[in-house]
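Enquirer: Reconstruct the complex from the two isolated chains, following the hints.
These protein sequences, in sequence, are chains A and B. With the working numbering applied, the first sequence corresponds to residues 1 to 112, in that order. With the working numbering applied, the second sequence corresponds to residues 1 to 108, in that order.
Since the hints were made in silico from the structure, they are not lab data. These numbers come from a predicted model, not from an experiment. Fair warning: there could be bad hints in the mix.
Some chain A residues near chain B, calculated using beta-carbon distances under 8 Å [what the hints assert, rightly or not]:
1. F91
2. D98
3. G106
Residues from chain A that keep clear of chain B, each with C-beta distances beyond 10 Å, as calculated [as the list claims (entries may be wrong)]:
4. L45
5. D63
6. F74
7. T76
8. P84
9. S87
Note that CB positions come from ideal geometry on N, CA and C, so glycine has one too.
Residues per chain, in single letters:
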Amino acid sequence: DAGVIQSPRHEVTEMGQEVTLRCKPISGHNSLFWYRQTMMRGLELLIYFNNNVPIDDSGMPEDRFSAKMPNASFSTLKIQPSEPRDSAVYFCASSLRDQPQHFGDGTRLSIL
Amino acid sequence: RKEVEQDPGPFNVPEGATVAFNCTYSNSASQSFFWYRQDCRKEPKLLMSVYSSGNEDGRFTAQLNRASQYISLLIRDSKLSDSATYLCAVKRDTPLVFGKGTRLSVIA
Numbered sequence: 001d002a003g004v005i006q007s008p009r010h011e012v013t014e015m016g017q018e019v020t021l022r023c024k025p026i027s028g029h030n031s032l033f034w035y036r037q038t039m040m041r042g043l044e045l046l047i048y049f050n051n052n053v054p055i056d057d058s059g060m061p062e063d064r065f066s067a068k069m070p071n072a073s074f075s076t077l078k079i080q081p082s083e084p085r086d087s088a089v090y091f092c093a094s095s096l097r098d099q100p101q102h103f104g105d106g107t108r109l110s111i112l
Numbered sequence: 001r002k003e004v005e006q007d008p009g010p011f012n013v014p015e016g017a018t019v020a021f022n023c024t025y026s027n028s029a030s031q032s033f034f035w036y037r038q039d040c041r042k043e044p045k046l047l048m049s050v051y052s053s054g055n056e057d058g059r060f061t062a063q064l065n066r067a068s069q070y071i072s073l074l075i076r077d078s079k080l081s082d083s084a085t086y087l088c089a090v091k092r093d094t095p096l097v098f099g100k101g102t103r104l105s106v107i108a
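The following block holds chain B by itself, in its conformation from the complex (with noise of 0.2 Å):
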């Protein structure tokens, strides 16, 4: 089993849909979680960090479930710039490992 892992997708939705995604881990001993977002042909970008009661923020809302070992990540009302490739990322003590991204397409 890989240590995170993520549905491809890609998720197609439109303007002003709600979509969320999952991350899974293996690790029960991660520490830290957090989203990327990786546009076409540049670098991950820190999204959000992700913890443990859960934290919003504007249309963006990242939850932690330490139980099942998994962290998700829900975006409302999308906009077409919202159209990106979403990692998420853990760390035990050592640095982030990543998982392969959920790559979303928002249509007018």
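Next comes chain A alone, as it looks inside the complex (with noise of 0.2 Å):
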């Protein structure tokens, strides 16, 4: 029972080069959450979607953050140019309806 997979789980980069976080959610789901979690942030909610069209865009931080959901089974997080205070844990998470949301193992970034 294949839950959510991202992709990769660690990334280490400099900063100004570009980032790619990859998900596929559980199959069947509708809705796909991208959550950036820090210390002294907790969980945010980047952005989200419902049957593949970004519905909240109003956490991403600025205009370098952005999200694509070209099919059911697979979104992209990207960053351009990555900055040293990009660095967290990002995870992707979905549902299906109201239901709760099921989350991936995540994606450690840190930019140099």
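Expert: Quick look at the structure:
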């Protein structure tokens, strides 16, 4: 029973580089969420999709962040250019309608 | 005021103790409530939903107080394996909004 799958698990890169995080939601789930977690701010919602359509991206920090969901089984979160303050754990989660969300293992991102 | 607030802890309790966490939410229109558990360097995992009448799952009891806008989680007979961060989550018509979590350490 596959859960939410994220890749990569870890990413270390230099500031200014483009970073792409990937997510495969649970099959059949129609909502997908991108969160960022830091010690200071906790778990913050960045953007979410319903049926592949972005619904609310008000949590995206700035224009350097973008997210896409080209189909029901794949989403990307891109940061370009990356900055050290983007270092965090990025979680993808999915859910079916009003059911609670299930999280992937997360991507631990370090920008040097 | 933050939308969802929790005492960050840490709560350090001996094995076998009973421990309770509270979580307050600011939006009275919130509809659904959950507790998640997050182990160190892992993802949050759903622990239990919180129903209006209160609900129990083994050693865990969750309660909702709509009038005062808080939810609680009670852990009885705590085990070493209960050590984790417990996040409350609240939902209106938007995705879950999470508290920052309360850290629990159960000590032998």
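Enquirer: Now look at each hint and say whether the structure bears it out.
Expert: These are the hints, each one checked on the structure:
no., hint, verdict
1, F91, "6 Å, holds"
2, D98, "7 Å, holds"
3, G106, "5 Å, holds"
4, L45, "6 Å, violated"
5, D63, "22 Å, holds"
6, F74, "19 Å, holds"
7, T76, "19 Å, holds"
8, P84, "20 Å, holds"
9, S87, "15 Å, holds"
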